[in-house]
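Protein chains in written order, with my numbering: chain C, 1 to 371; chain D, 1 to 307.
Hints were generated in silico from the structure; no laboratory data involved. Just so it is clear, the structure is predicted and the values come from calculations on it, not from any experiment. Be careful, since some hints might not be right.
[Claimed, not checked] Between beta-carbon pairs, the in silico distance windows are:
| no. | chain 1 | residue 1 | chain 2 | residue 2 | range |
| --- | --- | --- | --- | --- | --- |
| 1 | C | His200 | D | Gly243 | 54 to 60 Å |
| 2 | D | Ile215 | C | Lys175 | 40 to 46 Å |
| 3 | D | Arg296 | C | Asn73 | 46 to 52 Å |
| 4 | D | Ile215 | C | Glu20 | 54 to 60 Å |
[Stated by the list, open to error] Calculated lysine-lysine pairs in the DSS-like style (CA-CA distance at most 27 Å, straight line):
| no. | chain 1 | residue 1 | chain 2 | residue 2 |
| --- | --- | --- | --- | --- |
| 5 | C | Lys334 | C | Lys300 |
| 6 | D | Lys42 | C | Lys119 |
| 7 | D | Lys216 | C | Lys114 |
| 8 | D | Lys3 | C | Lys120 |
| 9 | C | Lys120 | C | Lys217 |
| 10 | C | Lys253 | C | Lys294 |
| 11 | C | Lys178 | C | Lys119 |
| 12 | C | Lys332 | C | Lys251 |
| 13 | D | Lys42 | C | Lys84 |
| 14 | C | Lys347 | C | Lys369 |
| 15 | C | Lys251 | C | Lys369 |
| 16 | C | Lys257 | C | Lys217 |
[As the list claims (entries may be wrong)] A few chain D residues that face chain C, going by a derived Cβ cut-off under 8 Å, partial list only:
| no. | residue |
| --- | --- |
| 17 | Met1 |
| 18 | Leu5 |
| 19 | Glu7 |
| 20 | Ala11 |
| 21 | Gly13 |
| 22 | Ala110 |
| 23 | Glu197 |
| 24 | Asp200 |
| 25 | Ser202 |
| 26 | Leu203 |
| 27 | Ala208 |
Each residue gets a CB set at the ideal place from its N, CA and C atoms; glycine is no exception.
Chain by chain, the residues run as shown.
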Amino acid sequence: MTSEFAVEMRDVVKRFITPEGNEMAAVDRVTMQIKNGEFFSMLGSSGCGKTTSLRMIAGFEWPTEGEVYIEGNAMGHTPPFQRKVNTVFQSYALFQHMTVYQNLAFGLEMEGAKEEEIKKRVGRALEMVQLTGMDRRRPRQLSGGQQQRVALARALVKTPDVLLLDEPLGALDLKLRKEMQLELKALQQQLGITFIYVTHDQEEALTMSDRIAVMSKGQVQQMGTPVEIYERPSNKFVADFIGESNFLEGKIKSLSKNEASVFVPSLNTEVTGMPISAGLVKGEDVVVSIRPEKIRIADKDTKSNNMFRARVTNTVYIGADTHIYVDVHDAKMKVLEQNRISRLDPKSFYVVGQDVWLLLMPENTLVLKKD
Amino acid sequence: MLKRLRENKSAQGTLLALPTTFWLFFLLIIPLFLTLVISFGKRSPDGDVIYTFSLDNYTRLFGYSTDCPNGQASCFDPLYVQILWRSLTLAFNTTALVIIMAYPLAYFIARAHPKKRNLFLFMVLIPLWTNFVIRVYAWMMLLRKEGAINIIIGWLASLLHIPFTPLEMLYTPGAVLVGMVYEFLPFMILPIYTSLEKIDNSLYEAAADLGANAIKTLLRITLPLSMPGVVAGTILVFIPVMGTFIVSDILGGRQVILVGNLIQRQFLDARDPTFGSAASLILMIMTLIVTYFYTRKFGFGEEIVAA
Numbered sequence: 001m002t003s004e005f006a007v008e009m010r011d012v013v014k015r016f017i018t019p020e021g022n023e024m025a026a027v028d029r030v031t032m033q034i035k036n037g038e039f040f041s042m043l044g045s046s047g048c049g050k051t052t053s054l055r056m057i058a059g060f061e062w063p064t065e066g067e068v069y070i071e072g073n074a075m076g077h078t079p080p081f082q083r084k085v086n087t088v089f090q091s092y093a094l095f096q097h098m099t100v101y102q103n104l105a106f107g108l109e110m111e112g113a114k115e116e117e118i119k120k121r122v123g124r125a126l127e128m129v130q131l132t133g134m135d136r137r138r139p140r141q142l143s144g145g146q147q148q149r150v151a152l153a154r155a156l157v158k159t160p161d162v163l164l165l166d167e168p169l170g171a172l173d174l175k176l177r178k179e180m181q182l183e184l185k186a187l188q189q190q191l192g193i194t195f196i197y198v199t200h201d202q203e204e205a206l207t208m209s210d211r212i213a214v215m216s217k218g219q220v221q222q223m224g225t226p227v228e229i230y231e232r233p234s235n236k237f238v239a240d241f242i243g244e245s246n247f248l249e250g251k252i253k254s255l256s257k258n259e260a261s262v263f264v265p266s267l268n269t270e271v272t273g274m275p276i277s278a279g280l281v282k283g284e285d286v287v288v289s290i291r292p293e294k295i296r297i298a299d300k301d302t303k304s305n306n307m308f309r310a311r312v313t314n315t316v317y318i319g320a321d322t323h324i325y326v327d328v329h330d331a332k333m334k335v336l337e338q339n340r341i342s343r344l345d346p347k348s349f350y351v352v353g354q355d356v357w358l359l360l361m362p363e364n365t366l367v368l369k370k371d
Numbered sequence: 001m002l003k004r005l006r007e008n009k010s011a012q013g014t015l016l017a018l019p020t021t022f023w024l025f026f027l028l029i030i031p032l033f034l035t036l037v038i039s040f041g042k043r044s045p046d047g048d049v050i051y052t053f054s055l056d057n058y059t060r061l062f063g064y065s066t067d068c069p070n071g072q073a074s075c076f077d078p079l080y081v082q083i084l085w086r087s088l089t090l091a092f093n094t095t096a097l098v099i100i101m102a103y104p105l106a107y108f109i110a111r112a113h114p115k116k117r118n119l120f121l122f123m124v125l126i127p128l129w130t131n132f133v134i135r136v137y138a139w140m141m142l143l144r145k146e147g148a149i150n151i152i153i154g155w156l157a158s159l160l161h162i163p164f165t166p167l168e169m170l171y172t173p174g175a176v177l178v179g180m181v182y183e184f185l186p187f188m189i190l191p192i193y194t195s196l197e198k199i200d201n202s203l204y205e206a207a208a209d210l211g212a213n214a215i216k217t218l219l220r221i222t223l224p225l226s227m228p229g230v231v232a233g234t235i236l237v238f239i240p241v242m243g244t245f246i247v248s249d250i251l252g253g254r255q256v257i258l259v260g261n262l263i264q265r266q267f268l269d270a271r272d273p274t275f276g277s278a279a280s281l282i283l284m285i286m287t288l289i290v291t292y293f294y295t296r297k298f299g300f301g302e303e304i305v306a307a
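Here chain C stands alone, though its shape is the one from the complex:
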């Protein structure tokens, strides 16, 4: 390994001409460093630039500006067949005119491997994805999940340094998808190669990734571990995109070294003692963000800091959790309570119109810049 990073993108820009003739940057100054052996996800909704970024690493597209490095080497206009990366396609892209064995052998034949070696490596790859014995089937004779495994094995049999996966589980049903998530993660750890995984499914990204790049409008919004992304989103977009958040608009009233008090007009009061990140100034318009499950709800006022009286407007029971919608002064908020005890007794629910008290604990809140 010549470089600490398996893949690096430096100031990469990709512009397309839209059918209307306008220029559009699908990827707009993306810089990311993906370490060797890392499970790295690019997460975002469609059109955020994640797939285009992946395609530039694979070599199907070339950057308009900037450079992609693989193992420290600038890729320039190197064609895909000369890059030591392999792709698992969203559509699987299996060769329907070939058997499973031939699909896997194809990449090895292109390397000029000997028949003996091909046989051995294909056998091992099929074993890895639990498809032993399926080698003479045609792709169309397999289930969706099996086809997905063939696509995976076809890429892995080439023993790439980096495996690129473009929403590989998108076509599978939920249960199979969850199984495959864990299986993929285990496979990645066992093989020790770098996985770059593109998905729009946040749960999938959180489940599998060592690090996640949250993307929007062609730019990386935040890069970090799943915990960092969820617990410390760096802006309102990320806080909103990953999980759910209550947002309260306000203005910084006072600022100490690492704490801020924010006056929130919709609550008609201050939220105090919240931890802050750098770059905020007194008087600045900000958004206070708090996740529904991090709000404590009580039916008595315990006179704590940041405790607000609220009125229940709706409760929704969804099995594992109960969602409680409340009005706090002029603000509408959502609180999530885990159903840790049986809810068979109707009295265990808050009733609509009931007064409750919400506790926003400072360490669970975030003060984010207003976009």
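Knowing the structure of chain C, use the given hints to seat chain D on it.
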């Protein structure tokens, strides 16, 4: 009545197939049967059919002759076997040339921007707006001694001060081949285009991703996946070329006689429908045999494969 029909799916099917069934029965099966019967007949001196069972027409086709130069009772006359062989080789050559010319063009159209594809396909079809025979006559104008091609070459030669005698291109096997290729090219382009267009772009990307360069992708991925189109095109080209007589009549004259011309002349000039019928059936059997072996090797083009 109508209500019952609405519920009876198999009766609906029968009803829908009825017109075509009648058509095929009266205009294909019965005439084919008549042809078979007539082919075993004999020609009376004034050109009528004498219904009997004689294999004379068939033995004559394969070279048995009683009209011998040295006065023997019988001898081998290769005339008709030559005609059959010429038709077969011309059909092979035409089909091969048409595939070679159609494939790159079909590939180009299939890979073009979707908005431009229709324009290109439209351009492929434009020649079909003109009558088949008129297009063949146009080739006559191009190929004849005083034709456009000789004029242009002569003009170029005079510019370079090279002596030039006009080429004899018309009434040669080459002229017939050119005419056939021209007439049947669209019938190969369209099916090949259809099967190429179905190949998902991700398959080309997957091939490149797995280490295949452009040539290997063409040979291992593109060609096999587009074979159904090539097969369909071959059937659409080979069979009519085997039987057509207009192109060879106009561009080949008396020099290039094909089975089609032979049959036509038997029915019209020689007034021997019995021999014409035998030749028709032999043509049909030859075509069937070739098509059978071809489709057994490459399939019927039905297993269109795409991602």
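Legend entry - Hints not upheld, ascending by number: 4, 6, 8, 9, 11, 13, 14, 16, 17, 18, 19, 20, 21, 22, 23
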